[in-house]
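Peer 1: If you read the sequences in order, they're chains A and B.
Be aware that the first sequence starts at 1, since it is given in full-length UniProt numbering, and climbs by one per residue.
Be aware that the second sequence starts at 1, since it is given in full-length UniProt numbering, and climbs by one per residue.
Don't read these hints as lab results, they were simulated from the structure.
Don't be surprised by glycine CBs; every beta carbon is placed ideally from N, CA and C.
Don't take every hint at face value.
What the hints assert, rightly or not - Okay, the calculated beta carbon distance ranges per label pair:
| hint | chain 1 | residue 1 | chain 2 | residue 2 | range |
| --- | --- | --- | --- | --- | --- |
| 1 | A | 121 | B | 53 | 30 to 40 Å |
| 2 | A | 159 | B | 141 | 26 to 36 Å |
| 3 | B | 229 | A | 137 | 38 to 48 Å |
| 4 | B | 120 | A | 290 | 32 to 42 Å |
| 5 | B | 141 | A | 49 | 46 to 56 Å |
| 6 | A | 181 | B | 92 | 52 to 62 Å |
| 7 | A | 273 | B | 120 | 31 to 41 Å |
| 8 | A | 89 | B | 232 | 33 to 43 Å |
| 9 | A | 285 | B | 120 | 49 to 59 Å |
Stated by the list, open to error - Chain B residues, not near chain A, derived (Cβ > 12 Å throughout):
| hint | residue |
| --- | --- |
| 10 | 158 |
| 11 | 212 |
| 12 | 254 |
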Amino acid sequence: MKKYTYTEKKDTRSGFGAGLHEAGKKNENVVALCADLVGSLKMDAFIKDFPERFTQVGIAEANMIGIAAGMTIGGKIPFTGTFANFSTGRVYDQIRQSVAYSNKNVKICASHAGLTLGEDGATHQILEDIGLMKMLPGMVVINPCDYNQTKAATLAIAEYEGPVYLRFGRPVIPVFTDPDQKFEIGKAWMVNEGTDVTIIATGHMVWKAIEAGEKLAELGIDAEIINIHTIKPLDEEAILKSVKKTGCVVTCEEHNKFGGLGESVARLLTTELPSPQEFVATNDTFGESGTPDQLMAKYGLDAVNIVEAVQKVISRKK
Amino acid sequence: MKHTIKELEDIASQIRRDIVRMVHGCQSGHPGGSLGCTDFFTALYFEVLNHKKEFTMDGIGEDLFFLSNGHISPVWYSTLAHAGYFDKSELATFRKLDSRLQGHPTTHEHLPGVRVASGSLGQGMSVAIGAALTKRLNGDNSYVFTLHGDGELQEGQNWEAAMFAPFHKLDHLICTVDYNGQQIDGPTDKVLSLDSLQAKFEAFGWHVINTDGNDMQAIVEGLHYAKTLTGKGKPILNLMSTQMGAGVDYMMGSHKWHGTAPNDEQLAAALAQLPETLGDY
Chain A
1 MKKYTYTEKK DTRSGFGAGL HEAGKKNENV VALCADLVGS LKMDAFIKDF PERFTQVGIA
61 EANMIGIAAG MTIGGKIPFT GTFANFSTGR VYDQIRQSVA YSNKNVKICA SHAGLTLGED
121 GATHQILEDI GLMKMLPGMV VINPCDYNQT KAATLAIAEY EGPVYLRFGR PVIPVFTDPD
181 QKFEIGKAWM VNEGTDVTII ATGHMVWKAI EAGEKLAELG IDAEIINIHT IKPLDEEAIL
241 KSVKKTGCVV TCEEHNKFGG LGESVARLLT TELPSPQEFV ATNDTFGESG TPDQLMAKYG
301 LDAVNIVEAV QKVISRKK
Chain B
1 MKHTIKELED IASQIRRDIV RMVHGCQSGH PGGSLGCTDF FTALYFEVLN HKKEFTMDGI
61 GEDLFFLSNG HISPVWYSTL AHAGYFDKSE LATFRKLDSR LQGHPTTHEH LPGVRVASGS
121 LGQGMSVAIG AALTKRLNGD NSYVFTLHGD GELQEGQNWE AAMFAPFHKL DHLICTVDYN
181 GQQIDGPTDK VLSLDSLQAK FEAFGWHVIN TDGNDMQAIV EGLHYAKTLT GKGKPILNLM
241 STQMGAGVDY MMGSHKWHGT APNDEQLAAA LAQLPETLGD Y
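Using the sequences provided together with the hints, build the complete structure.
Peer 2: Okay, structure coming up:
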């Protein structure tokens with residue numbers, strides 16, 4: 001197992017804030033909008049340096065999505081910012097008609113996704129957003145795994161032409177990816193090569209997969225770990241190549257098992273390479289109040305759950 | 001004036017013929033609101049809108065128009081064809097398989113003249129605001145026009161947008177409401193009363209004007225007047241009274257022709273009232 005270390009913990013939303021600021025410096029057409037959550041989305045640096053390119057919309061997310069769609073007409077590249085729940089479910093039809101169907105170059109940037117939003121509870125903890133967004137034709141869906149990757153992803157989507165959903169989170173987590181990485185949309189990152197099982201993880205679950213990989217190594221299990229940061233378009237080649245080698249797969253995501261990354265992988269494997277698969281994901285449930293760590297434990301999203309899923313999936317191999 | 005009122009009325013007569021023939025041709029679509037807004041579309045595209053012949057999505061340096069109540073697509077398609085955006089023969093494909101003229105307008109099939117999809121109601125004002133913000137950032141003083149149904153204003157997103165535009169002093173935005181008092185299930189007063197739209201928009205900080213949308217002279221003058229009101233820190237709201245079905249006697253004044261196509265006999269009766277002025281498609 002390749003050794004991953006970290007010297008600091010940071011939130012992925014701060015990676016977004018840093019990436020937005022840098023994208024703003026690189027391209028004067030980058031504009032930002034927020035629905036009364038500037039501090040939470042870490043947009044302050046962008047606003048300080050480019051006040052005229054920032055629009056505070058107020059608590060009116062539907063209007064924000066429509067305005068963002070309109071701002072593309074004339075060449076702007078709008079980044080909208082609010083919590084994942086208000087970025088997707090609340091404004092689904094606005095995204096569907098004014099952004100996706102209209103093929104507008106809008107970047108929907110969503111913080112506080114998943115259980116790790118914590119104490120605010122289930123009203124704010126969306127676990128369905130990946131499913132909602134990946135079903136929209138033409139929508140790119142990205143869920144980066146740490147500060148550095150989120151920053152790199154933010155810069156990459158500014159250069160990509162078309163609608164994008166960028167999902168990130170609230171808690172501080174280890175920073176373990178290369179600060180100078182080149183983020184390629186739709187390209188999987190090989191975290192660790194192995195032969196016994198393929199662990200596919202996205203977002204906050206990637207560090208947990210690394211922790212699980214270390215425990216599995218102690219048990220004599222050689223896990224291949226792949227980071228799928230882009231859930232759509234899915235890097236099918238990387239997944240098939242890996243599962244052909246290992247013969248089984250565990251998918252890990254901070255999302256409902258219905259509609260998430262796991263289902264995308266299952267669809268691929270069912271048609272191309274039927275293989276045993278286990279899902280580390282929430283099980284058709286809402287969340288609740290608690291600390292992020294407590295919630296990840298209670299809802300089965302820890303390294304120990306990945307280890308168990310790996311043992312189970314290996315036992316299912318023929 | 002680029003055209004005389006008589007010339008504009010002739011264009012409107014042809015567009016009305018197109019509308020009833022289009023909805024008859026596919027036996028679906030929305031003739032009522034389309035006919036009611038024909039004079040507005042004619043005045044806008046042939047007299048008021050400063051638009052370029054070659055369509056570009058970005059519309060830099062030209063006025064933009066957004067149709068929020070996308071179901072009245074027949075009147076927009078016919079207007080766009082007569083204004084030269086595409087050949088009028090394409091009107092015959094309306095709502096048919098593989099057509100660029102979808103039931104509701106879309107950019108998806110790359111029809112020139114359309115800059116955003118509409119149909120699911122209440123989204124157009126926000127989009128227009130976004131386009132106006134970009135024009136301001138680009139130092140482009142052109143206008144942004146919209147059209148909304150009155151029933152459509154029951155959608156909450158409109159009021160988010162209505163609150164936003166005056167606060168941000170979007171004074172190159174001219175929104176028109178098709179104030180015909182009808183929606184699918186009946187009169188707006190019976191379904192969900194809009195009460196005083198004038199008072200509501202004024203309270204939100206708009207400059208509100210009232211026009212007669214079925215009097216060509218009045219609507220041309222009203223839209224020109226609206227332009228003179230811009231640049232003063234307030235968006236303009238044009239409350240435009242219309243008759244649903246205007247120009248076809250048996251369709252007028254009722255919600256029943258909101259989304260119903262005429263049969264052969266009804267088509268003939270409608271066409272008899274609408275002189276062919278520019279040639280049928």
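Peer 1: For which of the previously enumerated hints does the structure constitute a violation, in increasing order of number?
Peer 2: 1, 5, 9 and 10
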